[in-house]
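With the hints as your guide, set chain X onto chain U.
Chain by chain, the residues:
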Amino acid sequence: MQSYLIPRRTFLRGTGVAIALPLLEIMSPALSNAKGNASGANDLRLCVLYKGCGVNPNAWDIAGGSESQFELSRIMAPLQSRKKEITVLSGIDSDLRANGTHVQATLAFMTGQLKKSNYKQSISFDQVIADKIGESTPVKSLVLRGDPYIDRNDSSENYLSYDHTGDPLPVDADPEVVFNRLFKGFNNSNYRQKTASVLDQIKESYHAVASKASVEDRKTLEQYLQSVRDVEKEIGQFRDNRDQRRQQRIAGIREFTAAHNMGERVKAMLDLVAIAFWTNTTRVASLMMAHTESRGVYDFIGINDEFHYLSHFVRNRQVIPHFDEVNRWHVSQFNYFLDKLQSYREGQSTLFDNCVVLFGSGIKHSDYHSVADLPLILSGGGGGKIKLGRHVRYDHARNSNLLLKLMQIMGVDQDQFGSSTEPLRGITETGSFRTDAVDDGTWQIKTADEGQIVIRGLLQISVKTDDPNLYLVHFSDGSHIEIRASFGNINGKKLDVYVGSVITLTGKFKDSNGKRVITEVIEYEVH
Amino acid sequence: MKRSTSREKPRYPCGEVNSQYRGATLPLIQDTIQLARSPAWQYDGPLGSLSEPNYPLEDVLTFRPVLLLIVSVCQQVSATEFPQHVVSVIEENCLPCHNSDESNGDVDFSSLLPPRSLDKDAAPELWSRVEKMVAAGKMPPEDATPLDDGTRKNLLKWYRETYVLRDGKQQIGVTTLRRLTRYELQNTLEQLLHIKLKQPYVFSSESAALTPSTIEKLYPADVAGESGFDNDAEQLRNVRVPVLEYLNCLDFALRIFDQDAMARERVLGSSDKSRKFEPARARQILTAFSHRASRGFQNAAELDRILSVCENNSRNGVSYAALRQAIKGSLLSPSFLYRMEIVRDDVNPYQVNARELAVRLSYFLWSSMPDDELLAVGADESLLQESVLREQVQRMLESPKRIALSENFAGQWLGFDELKRNPVYYRGESWTRGVYDELLFSFDELIKSDRSMLELIDADWVYLRSEARRTGGKKHQLDEKFGDIFGQRRVRTGLKLERFYRPPELYYVSDDRIGGVITSAGIMRLTSAPKRTSPIRRGVWLLERIIGQEMQPPVNVPPLAASEKQLADEPATGVVEILKLHTAKAACQTCHQHIDPLGLGLENFSPIGDWRTTYDNKTAISAGGTLPNGRRFDSPKQMKRELLSVYREQIVENMVQRMLSYAIGRKLRPYDRVAVERIKKVLAENDNRLIVCIEQIILSKPFRCRQDKP
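Protein chains in written order, with this note's numbering: chain U, 25 to 551; chain X, 939 to 1648.
Looking at chain U on its own, in the form it has when it is part of the complex:
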């Protein structure tokens, strides 16, 4: 078992810079004044690991196989040794359906719907869960980011978690600050008391000042009061959820990972989530590993271009190996986190068995910005509820249905969330919903003359590494036709959204080496 320690002067290094936090009261050591209050050992925890920018589908998608027999894709390779401990989810679409942008993809990922406001969004599913179970732990939930990039033009791209009023929750970016909050600070009863009395003072003066404010101003001030109440609540939770085992575990924390770069910061955040879960300090966490328009550079794995730049790979094919490499790194961090969870014993099992971990992105094809068939992997035992070791293919299922299902697993008694229609099937029970679309024998070339062709068949993206922009339509007789159209054409027709669907497509074609190739998509209909 790995143990942690935060030295009194922990140096936190960014790229080449180092500064120590001063010894503040929040850093005073936790006092072991706990009474025995053994909390349920098998409480479930939820962690969402989000990486922006989508993927290269050729390298992400799993070709063929069945629900239990399948080969992991190139990007998923770091998970090879734990194939039995993950469930890959294909065919789940974002709730904004076809038309995705970076902003909307981020806004909808955890809220399961889209609202047309830069500020007000509906509550995110992690917060529904936190509202339900967050009070039984000292900290209601963690909202973290590992990517230093913040978008200045679109603040909504910077948030994943929203509270019940639709306000985004502040995101913690500094592992050291998070560490202090979780394992020092309010664990100390003196610090709790002092802070509580300070908060009382704020409330007193709030009333004195608010009485002189306008109606509008009072609404703004009300927010300050609300934030004060939230801290009070957290103090109360630290006080009421004292627990001998937790204190012992915290006392054993002896080492803290300093973050020298983005890679280490992400890792430090994952460490913090794992240990926060293990000590039952919180049971809900989300981490933005990569921003959706990140200008972050993964130079620590030898890649010197910006992540968002790399993600536009169709028009810039030489970046593909680098883009895939960064995505593989994200998967390897996910793998590291699962390792970490397994390293902590909890009763007869490990922490892993009592976690629900969702890894993924709000965008699929990063150059077309399509938001269908999102890259998603589920892991953690979910207290034995989640059936692992599978690849489940859905037929355009809604992401909100998945979120609803995870909420239910986490103990939320609710049957609707965002734009959900039902809790997603196939998570707690086996049953792929489609190995492929049902071939009714009508998939074929219908007409082809004068350079114009009409076909019906199953649309797929090629997983050939050498051509990231090659689409195929499969016919009943086992043959297929290639679509080699320009980026602008595919983008304009939003064709990528319907990969995996049966379509009737009209296009221009050419004969090339005796083979018919579609060179331009004119229109299509999805069945």
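Derived by calculation from the structure, the hints in this document are not laboratory data.
Just so you know, these numbers come straight off a predicted model, no measurement behind them.
Among these hints, one or two may not hold up.
Restricting the straight-line Cα-Cα distance to at most 20 Å, the calculated cross-link-like pairs of lysine to aspartate or glutamate (EDC-like) are [as the list claims (entries may be wrong)]:
id	chain 1	residue 1	chain 2	residue 2
1	U	Lys518	X	Asp1039
2	X	Lys1266	U	Glu240
3	X	Lys1605	U	Glu240
Same frame as chain U, now just chain X:
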């Protein structure tokens, strides 16, 4: 590539001028008087073709109450409904090309017109654009039936009366309560407690000048709102107050205070921590402190609470610890964290009082609390006299604290604060600090030497960090009048000091390469990827940040960010060819005729801003180009000159808008055009000097007034 924040709203093809204030200049509150005085005044179309009425400065300053006689020539417009004449124009002239089936430019009126919606508030941004296009004569397009004069005037008049004026009067919108940003909080705590919280400008192996300060580590960064600045009141109000982090900051600041004898001496009149204060003396100290902490916002109940410490300790005297506790108490008050103003619950704009003006002034120019002098002229109301106000503004701009304008305003506007914030741009302490400071000093130079705002674009001077100095430039003697803004920060710390950081120095330049911020290393880096330049990013940066055009990646065309490197499978080699290939289509040309020449004109600057004449593969760089008006340029210097000749008006307007937006802490609305036009007019008569712009913003109604209700 960044897009606008209102992404879901109907879009126009990129390339349209972003300003809501271009196009027609419309008669406003004082204009109405002018209208009555000079019947010859006529509104006749796009900007520049009308004779501007005069705005007497004293009117602007004091808002002399005047009886307005507004003759309503237009039919009465209800608050929420469209009048029939507007509906007719839209239906007859717009709808044929902008409907749910054929939404040219992504504009669809069918969903906005009766019977679907009669609410004028449904899409104000759309109507702003309609007005702009119609006023500029761009819509209806050339091949469509033009609007007749009367119809056009009525449409514009309707827009003005509906969105610009309210009941014929200038409006400013509801004033949102402003919370201190992290930057302001740090400055304010420094000034209030007489302590140092910022990172000192020293340079050593252990402590980097670009390292965040402790406050910056403890308190989360603010995120820019719709205004593009992080002091956006609406944004601050929508994000949770980080209370715990705030308390940590206060603890830290008070800890520094504990350790700083000089600071204690200044605040408490004694640095002796073991001393007991007479209750009367303690009352005095705390009253003065809480007056400063609340920036003069008097609140008896609040003061009683803070002073209670003296009553409780009246017998044995008040200890340092008790005083410190009371000081902390006054920092916990909302009247410290928020900039409270007295309210009248008025639907009409009214002037804020002198104290409030002092506070607005100091947060605009210093991003900090008013100093004692400013508090005093606020308290005795003399600040309301124009002469005193002007004196104070001048004094404030001569103070080193004015660097906040450069750090906070220019840093966010031009985007160079990213150099500090984002480790991606880090190339070693000396380089990163150096290129940051070049920009910082350049903006400050406009104030320091009272220069034209346009010298930001093209100038015969430049600030150069020591590594970038070449022979040939003539070092400029610093004007001592304004003092050295960094004097106060160049201090030793407890850390082992290796050498002082030498800030960039001012040089006169005469060659074709540098001068102005556009060609600065910092901007060149910010608009490049680490290893390659991006002419499109550079062009878009110029158009968005400097010229003020809102660029949007057009629908169904590859997004800008990646477009220039599309062609991995094309045989093209040079960046110029690639760009030409990509933007050859007419649809692309609408924007790219503006973007490309500007970006390509900067190809002589490498991704980190070094001068180069060939690419890595030894092919020569040709940085010449032709602007949309057909003017050719062959060097960055010529490009800047051409830029100023083609876009001068937009550049000035953009700067005015950005600065006003920063000063009042919100995105500008259609009704703010009144103020913007006025400021522009005065600027035109005053060589576009930045100081004049600052003064005019301070004299403007949105800055001077408050409105409590919509």
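For each hint, the structure was consulted:
1. U:Lys518 / X:Asp1039: holds, 18 Å
2. X:Lys1266 / U:Glu240: violated, 27 Å
3. X:Lys1605 / U:Glu240: holds, 18 Å
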